[in-house]
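Please model the complete structure; the sequences and the hints are all you need to start from.
Line by line, the protein sequences are chains A and B. Take the first sequence: its position 113, counted from the start at 1, is 114 in our numbering, and no numbers get skipped. Take the second sequence: its position 313, counted from the start at 1, is 314 in our numbering, and no numbers get skipped.
In case anyone wonders, no lab produced these hints; they're calculated from the structure. For each residue, glycine too, the CB sits at the ideal point set by N, CA and C. Be careful, since some hints might not be right.
Stated by the list, open to error - Here are a few chain B residues that sit away from chain A, every Cβ distance over 12 angstroms (derived from the structure):
id: 1; residue: Arg24
id: 2; residue: Thr37
id: 3; residue: Gly136
id: 4; residue: Lys162
id: 5; residue: Asp210
id: 6; residue: Asp244
id: 7; residue: Asp255
id: 8; residue: Arg270
id: 9; residue: Trp277
id: 10; residue: Leu329
id: 11; residue: Val359
id: 12; residue: Glu393
Claimed, not checked - In silico SDA-like pairs for lysine to any residue, Cα to Cα no more than 25 angstroms straight-line:
id: 13; chain 1: B; residue 1: Lys162; chain 2: B; residue 2: Ala294
id: 14; chain 1: B; residue 1: Lys162; chain 2: B; residue 2: Ala151
id: 15; chain 1: A; residue 1: Lys66; chain 2: B; residue 2: Gly136
id: 16; chain 1: B; residue 1: Lys162; chain 2: B; residue 2: Gly68
id: 17; chain 1: B; residue 1: Lys66; chain 2: B; residue 2: Ala151
id: 18; chain 1: A; residue 1: Lys162; chain 2: B; residue 2: Pro99
id: 19; chain 1: A; residue 1: Lys162; chain 2: B; residue 2: Ala151
id: 20; chain 1: A; residue 1: Lys162; chain 2: B; residue 2: Ala57
id: 21; chain 1: B; residue 1: Lys162; chain 2: A; residue 2: Ser318
id: 22; chain 1: A; residue 1: Lys162; chain 2: B; residue 2: Val54
id: 23; chain 1: B; residue 1: Lys162; chain 2: A; residue 2: Asn55
id: 24; chain 1: B; residue 1: Lys66; chain 2: A; residue 2: Pro166
id: 25; chain 1: B; residue 1: Lys162; chain 2: A; residue 2: Ala100
id: 26; chain 1: A; residue 1: Lys162; chain 2: A; residue 2: Ser318
id: 27; chain 1: A; residue 1: Lys66; chain 2: A; residue 2: Gly30
id: 28; chain 1: A; residue 1: Lys162; chain 2: B; residue 2: Asn98
id: 29; chain 1: A; residue 1: Lys162; chain 2: B; residue 2: Gly68
id: 30; chain 1: B; residue 1: Lys162; chain 2: A; residue 2: Val54
id: 31; chain 1: B; residue 1: Lys162; chain 2: A; residue 2: Gly136
id: 32; chain 1: B; residue 1: Lys162; chain 2: A; residue 2: Ala274
id: 33; chain 1: B; residue 1: Lys162; chain 2: A; residue 2: Asp101
id: 34; chain 1: A; residue 1: Lys162; chain 2: A; residue 2: Pro345
id: 35; chain 1: B; residue 1: Lys162; chain 2: B; residue 2: Gln12
id: 36; chain 1: B; residue 1: Lys162; chain 2: A; residue 2: Pro345
id: 37; chain 1: A; residue 1: Lys66; chain 2: A; residue 2: Ser105
id: 38; chain 1: A; residue 1: Lys66; chain 2: A; residue 2: Glu109
id: 39; chain 1: B; residue 1: Lys162; chain 2: A; residue 2: Asn98
id: 40; chain 1: A; residue 1: Lys162; chain 2: B; residue 2: Trp53
Number of protein chains: 2
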Amino acid sequence: MTEDDRHLAPQAEFDGRVARVQRAMAAAGLDALVLTAQDNVAYLTGFDGPTWVNVARPRYCVLAKDGAPVLVVPTTNVPVVRRMTWVQEVRSWVSPNPADDGLSLVAEAVWAVAEPAATVGMEIGPQSRLGMPAGDFLAFRERLAPRRIADADALLREIRKIKTPLEIAAIRQAAAATSRAFARLDAGGDEQAVAGRFRALLFEEGLEDVPYLVAESGLGGYPSLQMAAGGRRLTAGSVLAIDTGARVRGYYCDFNRNFVCGPLPEATRQAHALLWEATEAGIRAAVPGATAAEVWRAMAAVLDAGAAALGARRTQSGRMGHGIGLRLTEPPSIHPEDATVLAPGMVITVEPSLAFEVAAEGGPLTRTLVHEENLVVTEGGPELLSARAPREMTRLE
Amino acid sequence: MTEDDRHLAPQAEFDGRVARVQRAMAAAGLDALVLTAQDNVAYLTGFDGPTWVNVARPRYCVLAKDGAPVLVVPTTNVPVVRRMTWVQEVRSWVSPNPADDGLSLVAEAVWAVAEPAATVGMEIGPQSRLGMPAGDFLAFRERLAPRRIADADALLREIRKIKTPLEIAAIRQAAAATSRAFARLDAGGDEQAVAGRFRALLFEEGLEDVPYLVAESGLGGYPSLQMAAGGRRLTAGSVLAIDTGARVRGYYCDFNRNFVCGPLPEATRQAHALLWEATEAGIRAAVPGATAAEVWRAMAAVLDAGAAALGARRTQSGRMGHGIGLRLTEPPSIHPEDATVLAPGMVITVEPSLAFEVAAEGGPLTRTLVHEENLVVTEGGPELLSARAPREMTRLE
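The structure is reproduced here in structure tokens:
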């Protein structure tokens with residue numbers, strides 16, 4: 002690769018992805034796809050990067066039953082597309098153009114490959130997001146009529162559940178670098194100081210992008226684990242969790258670590274030990290042939306067996322893990338009703354959590370603890386990508 | 002504010018925002034709004050932050066003709082909403098739930114405040130994005146029938162064009178801190194080394210989040226200014242541009258700076274001087290009562306008057322600036338057809354660019370140069386928020 006081929010994978014990688022998607026299109030009766038979401042477009046073409054932060058301009062990828070994808074992008078994105086992707090056929094318009102923000106060009110590209118009786122796949126199913134205005138989507142549906150629109154997102158996510166070796170390598174690299182950053186974390190002060198130090202370590206260790214970084218703390222645990230660092234100071238008995246979704250070549254790792262200042266309250270120590278065992282059970286259960294639900298049940302069984310004695314309970318998070326990849330969270334969900342059968346190449350998080358009470362002046366506080374690890378399912382069983390969290394909570398002095 | 006009231010503005014700020022939106026709803030004949038986009042929801046409620054990176058779960062805000070907004074969010078977001086927002090009425094469900102990912106709760110909230118003959122506003126217009134799957138949007142439309150759905154995004158963007166003093170203060174802080182980071186930038190090496198150093202400086206100077214950071218370089222200019230830093234080394238005559246969208250309390254500044262290593266090619270020096278003058282003209286033109294198109298024409302006039310003599314030309318970017326705020330780019334567009342009348346409180350970028358040729362071994366190279374500044378329109382005229390780029394390009398040794 003030259004200095005300009007940023008992120009560009011070998012041609013065989015893209016050929017394989019396109020072939021898998023086109024096989025699935027044939028099976029699903031889809032004659033063409035019109036994709037607008039960053040992750041799906043990047044998967045097929047390599048077109049990724051910071052320009053996607055700007056949503057003033059939509060970007061379209063059209064894929065027919067055979068042949069290579071066509072990109073329809075704003076003129077400003079053409080140089081990026083030429084440098085980041087393998088796509089030859091690039092059409093462009095000067096955007097923003099409220100009167101016709103690319104729709105005519107996209108419709109022409111679809112008409113050329115999809116008969117009136119055709120079905121066109123777009124990202125409309127559960128957990129999808131369209132990278133275009135909803136009004137344009139409604140107008141586009143009418144332009145394509147009598148062609149039918151059906152969901153294409155499930156098809157892409159199904160294929161993307163199984164990562165290629167190149168994708169796994171990127172997530173492995175992200176998780177290893179994030180593990181090194183966690184191992185080096187030593188700062189004290191308030192949440193922001195610690196989170197700031199950790200973010201600096203992430204970049205030092207080679208992460209390219211940190212879209213998700215939350216840090217919460219409290220006596221013996223935290224109220225939730227969803228917010229950016231605040232001004233809360235870490236004092237004796239404070240437990241701080243940092244959770245990050247950090248990327249290498251566009252691929253996320255996603256896990257957290259817990260830290261304690263001074264003495265660990267006993268309720269927290271016990272909850273932490275139980276969570277560590279539940280995580281262990283989740284990792285062990287992630288073997289080819291097991292379902293996502295079985296991984297969930299393996300963790301739930303450990304938690305439910307031990308929680309009552311601690312006055313603790315599973316949190317109502319809806320799931321205890323999920324796939325990762327070009328998105329921070331992807332299918333499957335580690336959820337009691339997700340029947341996805343794990344297969345080699347799937348990369349998932351296991352993420353049990355507990356709620357419990359910690360004694361404090363003024364009465365007990367409700368606290369949460371979360372553990373999360375990343376693993377890839379292999380023929381030989383689960384392979385951890387994050388460096389396993391220590392059995393005893395790490396001290397931050 | 003306590004250590005936990007992260008980003009929460011005074012109640013009067015939210016009351017003012019809601020009152021302005023409800024007045025506009027009355028004028029537009031909208032009986033209720035259902036909002037799903039991070040920026041709009043954050044504007045009315047304060048609900049912002051890293052959790053929005055996870056798009057597996059949608060979040061809804063319902064606003065009636067009067068009264069306070071209602072938030073309908075996944076259970077996992079409830080603690081965040083309690084700590085970050087002023088909203089009392091919070092309804093939640095365990096998500097992801099493909100069978101009903103919040104839609105029933107949202108429909109009930111709308112039914113309670115919107116008669117069958119009502120019109121419900123959603124984010125469907127130009128440059129909008131829905132924070133929910135398109136399939137759910139289609140199903141939701143049917144659930145609300147016979148209520149009509151109309152665009153609400155234009156209404157919100159119209160109000161949000163005029164920033165409040167609190168919003169301007171956040172952008173001013175972001176732009177000032179980013180200016181200090183640019184002033185301290187001294188690293189050499191390759192694009193990634195310089196961009197990495199700059200990112201570290203941004204956080205040191207107090208930026209909270211850097212969603213957008215691009216860095217491109219080349220002999221005498223760059224091929225575009227859209228890509229993350231690559232491995233290109235800076236050598237004699239290299240011109241590097243860094244452009245960043247960096248946030249404080251959720252608000253973006255957005256501007257770039259140009260740096261040269263060693264001697265500046267003459268063609269670049271002349272193009273840079275012309276761009277500096279064009280930027281100056283754009284800033285001067287940003288007075289109350291002028292239109293966005295007039296600001297564009299002020300810059301285009303300078304560029305067109307000087308470009309031919311340099312063998313240069315305006316780039317086909319479609320616009321030369323835009324609004325900034327909770328989104329990296331907001332209306333208005335500094336575009337020849339944008340008739341928006343500038344008014345005090347608008348915060349915009351002016352962003353002229355030129356394409357030209359630079360002599361090189363092997364033949365001339367087509368290069369781009371971009372200048373960008375941020376300003377707020379005040380009664381007294383434009384007030385720069387970014388520290389004005391120096392007239393002579395900064396040397397990076």
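How the hints compare with the structure:
no., hint, in the structure
1, Arg24, "holds (24 angstroms)"
2, Thr37, "violated (10 angstroms)"
3, Gly136, "violated (4 angstroms)"
4, Lys162, "holds (14 angstroms)"
5, Asp210, "violated (8 angstroms)"
6, Asp244, "violated (9 angstroms)"
7, Asp255, "violated (9 angstroms)"
8, Arg270, "holds (23 angstroms)"
9, Trp277, "holds (22 angstroms)"
10, Leu329, "violated (5 angstroms)"
11, Val359, "holds (16 angstroms)"
12, Glu393, "holds (27 angstroms)"
13, Lys162/B - Ala294/B, "holds (16 angstroms)"
14, Lys162/B - Ala151/B, "holds (20 angstroms)"
15, Lys66/A - Gly136/B, "holds (23 angstroms)"
16, Lys162/B - Gly68/B, "holds (23 angstroms)"
17, Lys66/B - Ala151/B, "holds (15 angstroms)"
18, Lys162/A - Pro99/B, "holds (17 angstroms)"
19, Lys162/A - Ala151/B, "violated (37 angstroms)"
20, Lys162/A - Ala57/B, "holds (15 angstroms)"
21, Lys162/B - Ser318/A, "violated (37 angstroms)"
22, Lys162/A - Val54/B, "holds (19 angstroms)"
23, Lys162/B - Asn55/A, "holds (17 angstroms)"
24, Lys66/B - Pro166/A, "violated (54 angstroms)"
25, Lys162/B - Ala100/A, "holds (21 angstroms)"
26, Lys162/A - Ser318/A, "holds (22 angstroms)"
27, Lys66/A - Gly30/A, "holds (10 angstroms)"
28, Lys162/A - Asn98/B, "holds (19 angstroms)"
29, Lys162/A - Gly68/B, "violated (44 angstroms)"
30, Lys162/B - Val54/A, "holds (20 angstroms)"
31, Lys162/B - Gly136/A, "holds (21 angstroms)"
32, Lys162/B - Ala274/A, "violated (52 angstroms)"
33, Lys162/B - Asp101/A, "holds (23 angstroms)"
34, Lys162/A - Pro345/A, "holds (10 angstroms)"
35, Lys162/B - Gln12/B, "holds (21 angstroms)"
36, Lys162/B - Pro345/A, "violated (50 angstroms)"
37, Lys66/A - Ser105/A, "holds (21 angstroms)"
38, Lys66/A - Glu109/A, "holds (16 angstroms)"
39, Lys162/B - Asn98/A, "holds (19 angstroms)"
40, Lys162/A - Trp53/B, "holds (22 angstroms)"
Violation of the numbered hints given earlier is confined to hints 2, 3, 5, 6, 7, 10, 19, 21, 24, 29, 32 and 36; the remaining hints are satisfied by the structure.
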